[in-house]
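Engineer: Chains as they are written, first to last, in my numbering: chain A, 65 to 151; chain B, 181 to 620.
None of these hints come from the bench; they were simulated from the model. Beta carbons: idealized from backbone N, C-alpha and C, even for Gly. Honestly, I wouldn't trust all of these hints.
[Claimed, not checked] Which residues of chain A face chain B? A few of them, derived with a C-beta cut under 7 Å, are: (1) Tyr-92; (2) Glu-94; (3) Leu-95; (4) Gly-96; (5) Lys-97; (6) Gly-98; (7) Met-99; (8) Asp-100; (9) Gly-101; (10) Gly-139.
[Claimed, not checked] With a cut-off of at most 20 Å between alpha-carbon atoms, the simulated SDA-like pairs for lysine to any residue come out as follows: (11) B:Lys-491 to A:Arg-132; (12) A:Lys-134 to B:Arg-249; (13) A:Lys-134 to B:Asp-295; (14) B:Lys-502 to A:Asp-100; (15) B:Lys-502 to A:Gly-101; (16) B:Lys-577 to B:Leu-494.
[To be verified] Between beta-carbon pairs, the in silico distance windows are: (17) A:Glu-141 to B:Gln-383: 37 to 47 Å; (18) A:Ala-103 to B:Glu-252: 13 to 23 Å; (19) A:Arg-128 to B:Arg-318: 54 to 64 Å; (20) B:Ser-465 to A:Glu-81: 40 to 50 Å; (21) B:Asp-428 to A:Arg-128: 25 to 35 Å; (22) B:Ser-611 to A:Glu-89: 31 to 41 Å; (23) B:Gly-538 to A:Glu-141: 46 to 56 Å; (24) B:Ser-331 to A:Gln-90: 57 to 67 Å.
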Amino acid sequence: MNEIILKAESQARELLEDYARESDEQAYIELGKGMDGAAIVNLVIENAPQISASLAMLIGTLQRRGLRFKLTRDGLELGIDGPGGAG
Amino acid sequence: MEPPSQASTEWSRRRAATNSDLCDPSEIWPGVGDALRTLLIRSLEGRKPAPLSLEPIASKRQSACLLERPDEAVLLFDLSQSLVLHRLFDLVRTDQPYDEMARVLGACAGLAVADESPALCDALLSLTVPQEPEYLHRPEDVARHYQLLCSLLPKFNYRWLRSLVHSFLIAHEVAHFRHKDPAGLPEGSKASAEIAFKFALSQVCYEDRPNFEDLVSHHGALPTGQDDVERIRRDLVNRRRHYEENRDHLIEEIFCDSFALLTVTNLHMSAWRPQEAEGHKLLESYLAFAQAFFLIAILADLHQAMIQRAKLSLSGGVESEKPGDIADMHLRKMALMCAVADQGMSSFPESEWTQEKGEAMLQDVTALLGAQKQALDALVVMPVTRVIRARIIAFEKGEVADRGSTEGPVWRGRLGTMLGEVPTRATFRESAAAQLVGAA
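All chains should be built: construct the whole structure from the sequences, respecting the hints.
Structural biologist: Shown next, in the form of structure tokens:
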């Protein structure tokens, strides 16, 4: 099903929201709150067989700003990782 | 016929699958999800026919969560969290010594870091409890707290405990879901959460009080050196800064806990409310119920606190300076006292409510729940924390024998203590149960 999920720390929320709003891809944001107090911010891109140029740019921005994130496709982790990963 | 809005969707099932890292959700007996969904519908009280579904999962993270996308939401109900909370409540209720509690919570902390550090996970799963008691308090104080705990035990003897824990977890997440829509919320509930936040802050961060040293030593009951005093002062300064910076987030959590108390109290009315009681008699029954609810909050806090200790070990050592957010649940637990007091006022007709009566109620509730908290601190929280901390320190110093790599995940078949063997087999299909607690 080629669903890419970029799971980021909450400070990255605005960047991810901007991306979802402006993207031509089928992208949306998922927000979560855990009983343990942890916040979840996911950027979901549907029907994405590979990382698009615009997503690669977003990843670059996250890396430059030192924001942690994790990238998965259909539940499997992809190789690009932010500093330390988003856990 | 249109399916009920709480039914699973393709997306909710997919998210359950990606978040359930202890077993595939299809390995959970279908009846478990059905029972939880019934509780969800009862928690919503028919007020909001929104697309909120519930999926049971089992994760190493051990925490329920609400996940929302633009047009729907799913409550991921973590069975590993609810089974642990049942188990901990049962150990207190049946008056077991803290040893087993330390083993359960050691396993929880280990499981939470299993991916990052299989070796620490292994060390915590094979934790042994020293024969010498780890109480920090003097024997006469331990005896005093034990006496109080014994007087509380009959109040914790609920047959409907399972439903109490489940509805607490569900209602908390439902509150997050409803938080954005103030019209559907009980009047004044957000303002009450703000007041509760300020109250809890004044209780938890006491570093600027003139009798700080006396408070640190629990009025002389605990041995504390000058180093301990300064370390605790620094911790509390950090925490205060963190609490102020994350005020809105914490007020939302406090709101959700209060909402959960209200929902759980209403859902279990027939279990605690005596027939035809009013005024003080009604209040007495309600407060006994609130004490059971508060025990769950204490145990949920301890559960997360031990997980945080294991994570702290990985990020810089268990004795390194604690991050400000390490005790968010402790703050929430203290704030819950305000919610218990607010709700206690509803035992009386509205015409009898006065500010003085409200303040007196808060004082009474703080004394009642405060004594309960102190007893649990002395008999369970502190000794368990010491045992687990000592194990982590021994691991950090390389004093725990490395068992070498094993085939498959290090926790395989070893979660029986943590989850309870029988409840696990009643919750998961045979192959998943074997993976979690070992073959029958």
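Engineer: Give a verdict on every hint.
Structural biologist: To see whether the hints hold, each was checked on the structure:
Restraint check, Tyr-92 of chain A versus chain B: the minimum CB separation of about 6 Å is within 7 Å; hint holds. Here the hint on Glu-94 of chain A is kept, as its CB sits about 5 Å from the closest CB of chain B, short of 7 Å. The beta carbon of Leu-95 of chain A comes within 5 Å of a beta carbon in chain B, closer than 7 Å, and the hint placing it at the interface holds. For Gly-96 of chain A, the interface hint holds, since its Cβ comes within 7 Å of a Cβ in chain B; the closest pair sits about 4 Å apart.
Checking Lys-97 of chain A against chain B by beta carbon gives a least distance of about 5 Å; that is within 7 Å, so the hint holds. Because the beta carbon of Gly-98 of chain A sits about 4 Å from the nearest beta carbon in chain B, less than 7 Å, this interface hint is met. A cut of 7 Å between beta carbons decides the hint on Met-99 of chain A: the least distance to chain B is about 4 Å, and the hint holds. For Asp-100 of chain A, the suggested interface contact is upheld, since its CB lies about 4 Å from the closest CB of chain B, less than 7 Å.
For Gly-101 of chain A, the shortest C-beta to C-beta distance to chain B is roughly 5 Å, which falls under 7 Å, so the interface hint holds. Checking Gly-139 of chain A against chain B: minimum C-beta separation of about 5 Å stays under 7 Å; hint holds. Distance hint between Lys-491 of chain B and Arg-132 of chain A is fulfilled; the C-alpha atoms sit about 17 Å from each other, no more than 20 Å. Between Lys-134 of chain A and Arg-249 of chain B the CA atoms are separated by roughly 19 Å; this keeps the pair inside 20 Å, and the hint holds.
A distance of roughly 15 Å separates the Cα atoms of Lys-134 of chain A and Asp-295 of chain B; the hinted pair therefore holds under the 20 Å criterion. For the proposed pair Lys-502 of chain B and Asp-100 of chain A, the alpha carbon gap of about 17 Å is at most 20 Å, so the pair holds. A distance of roughly 16 Å separates the Cα atoms of Lys-502 of chain B and Gly-101 of chain A; the hinted pair therefore holds under the 20 Å criterion. As the CA atoms of Lys-577 of chain B and Leu-494 of chain B are separated by approximately 13 Å, the hinted pair is consistent with the 20 Å bound.
Checked against the hint of 37 to 47 Å, the pair Glu-141 of chain A and Gln-383 of chain B passes, with Cβ atoms roughly 42 Å apart. The hinted window of 13 to 23 Å between Ala-103 of chain A and Glu-252 of chain B holds, with their beta carbons roughly 19 Å apart. About 56 Å separates the C-beta atoms of Arg-128 of chain A and Arg-318 of chain B, a value consistent with the hinted range of 54 to 64 Å. At about 48 Å, the CB distance of Ser-465 of chain B to Glu-81 of chain A agrees with the hint of 40 to 50 Å.
The beta-carbon spacing between Asp-428 of chain B and Arg-128 of chain A, approximately 28 Å, falls within the hinted interval of 25 to 35 Å. Judged by the Cβ atoms, the range 31 to 41 Å given for Ser-611 of chain B and Glu-89 of chain A holds: they are separated by roughly 38 Å. Range check, Gly-538 of chain B to Glu-141 of chain A: about 52 Å between beta-carbon atoms, so the 46 to 56 Å window is met. Between Ser-331 of chain B and Gln-90 of chain A the CB atoms are about 60 Å apart, so this pair conforms to the stated range of 57 to 67 Å.
The structure shown violates none of the earlier numbered hints.
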